[in-house]
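Asker: Okay, here's what each chain looks like letter by letter:
There are 2 protein chains.
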Amino acid sequence: MDYEAAMGVALAEARIALELNEVPVGAVLLFGQDPQVAKVIARRHNERETTADPTAHAEMLAIRDGAEIMGSWRLAGTTLVVTLEPCPMCAGALVAARVDRVVFGAADPRGGSCGSLYNLCGDPRLNHEVEVIAGVRESEAAQLLTGFFSRKRSD
Amino acid sequence: MDYEAAMGVALAEARIALELNEVPVGAVLLFGQDPQVAKVIARRHNERETTADPTAHAEMLAIRDGAEIMGSWRLAGTTLVVTLEPCPMCAGALVAARVDRVVFGAADPRGGSCGSLYNLCGDPRLNHEVEVIAGVRESEAAQLLTGFFSRKRSD
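The listed protein sequences correspond, in order, to chains W and Z. Numbering that gives the first Met the number 0 puts the last residue of the first sequence at 154; the count rises by one with no breaks. Numbering that gives the first Met the number 0 puts the last residue of the second sequence at 154; the count rises by one with no breaks.
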């Protein structure tokens, strides 16, 4: 499954969040170095409102599922594919979990921490660096978010 | 319970982590504006190795417990007291959870994100700022960590 296709799964997860009136963000954790043959080992969506858990961002949930499946907190060999650029908490979790790579859709100028406000994934002072690939199926991811927030404002 | 006393509880949690061969970090979540009458609503220690969960830092677990108790992801009115300066993930979680204040013991020059490497808690571009109080019972917290890592190296 290449990154475009994996983003399709993440976008489907974001649409589930939308149905639940959650900020529509979805994430997929892939295992395997070659994206063509990597397998989806976790797919989650934002559940902050549903679970009343401030840490229940799609990325965090996918990372925790992945660790459970791999039986280790070290997620070497994995790639997180997420519709929105991760926030400081989620970018920090990618570093803490030793995830190899993050692929995101839309950039987040308000809190993005993989290049926008911060680049926590590429800081050689931290004990791990995460490769960043930005802008995969960006417009689809952005459209979901824009639609959600404009509907919220008109409520 | 003032911050010195709350740090005593966090230090006791860190000692539990030490017994489990975890990096000895403990955290306490207080609810109430006045530290003299604030109540401990969660007390946790690092469980990363025990649970094989990369997000199971003491701070994250205390925040999640607190949200469950308060029935909301918004932890307004709370103070997190933690033995070690939070990492990027945990500092990001404090912002995401709208925690009022963080009180820490030892600074972490390798990953600390409340003043050392980053100050994620005091960035006006993010949607919340967290007050930071550093250095409470610092030497006790540092001693626990130094002891743990020097024992690890000699193993």
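You may find that some hints are simply not true.
Pairs involving identical chains hold if they fit within one copy or between any two copies, as the list cannot separate such chains.
25 Å max Cα-Cα, derived SDA-like pairs, lysine to any residue [as the list claims (entries may be wrong)]:
#1 Lys151 / Glu3
#2 Lys38 / Phe147
#3 Lys38 / Thr50
#4 Lys38 / Tyr2
#5 Lys151 / Ser71
#6 Lys38 / Arg97
Just so you know, the hints here were simulated from the structure itself, not pulled from any lab data.
Asker: Against this structure, judge whether each hint is valid.
Answerer: Going down the list of hints, with the structure as the test:
{"no.": "1", "hint": "Lys151 / Glu3", "in the structure": "neither (29 Å within a copy, 43 Å between copies)"}
{"no.": "2", "hint": "Lys38 / Phe147", "in the structure": "neither (30 Å within a copy, 38 Å between copies)"}
{"no.": "3", "hint": "Lys38 / Thr50", "in the structure": "between (27 Å within a copy, 24 Å between copies)"}
{"no.": "4", "hint": "Lys38 / Tyr2", "in the structure": "within (11 Å within a copy, 47 Å between copies)"}
{"no.": "5", "hint": "Lys151 / Ser71", "in the structure": "between (39 Å within a copy, 20 Å between copies)"}
{"no.": "6", "hint": "Lys38 / Arg97", "in the structure": "within (18 Å within a copy, 36 Å between copies)"}
Consistency note: the structure conflicts with the earlier hints numbered 1 and 2.
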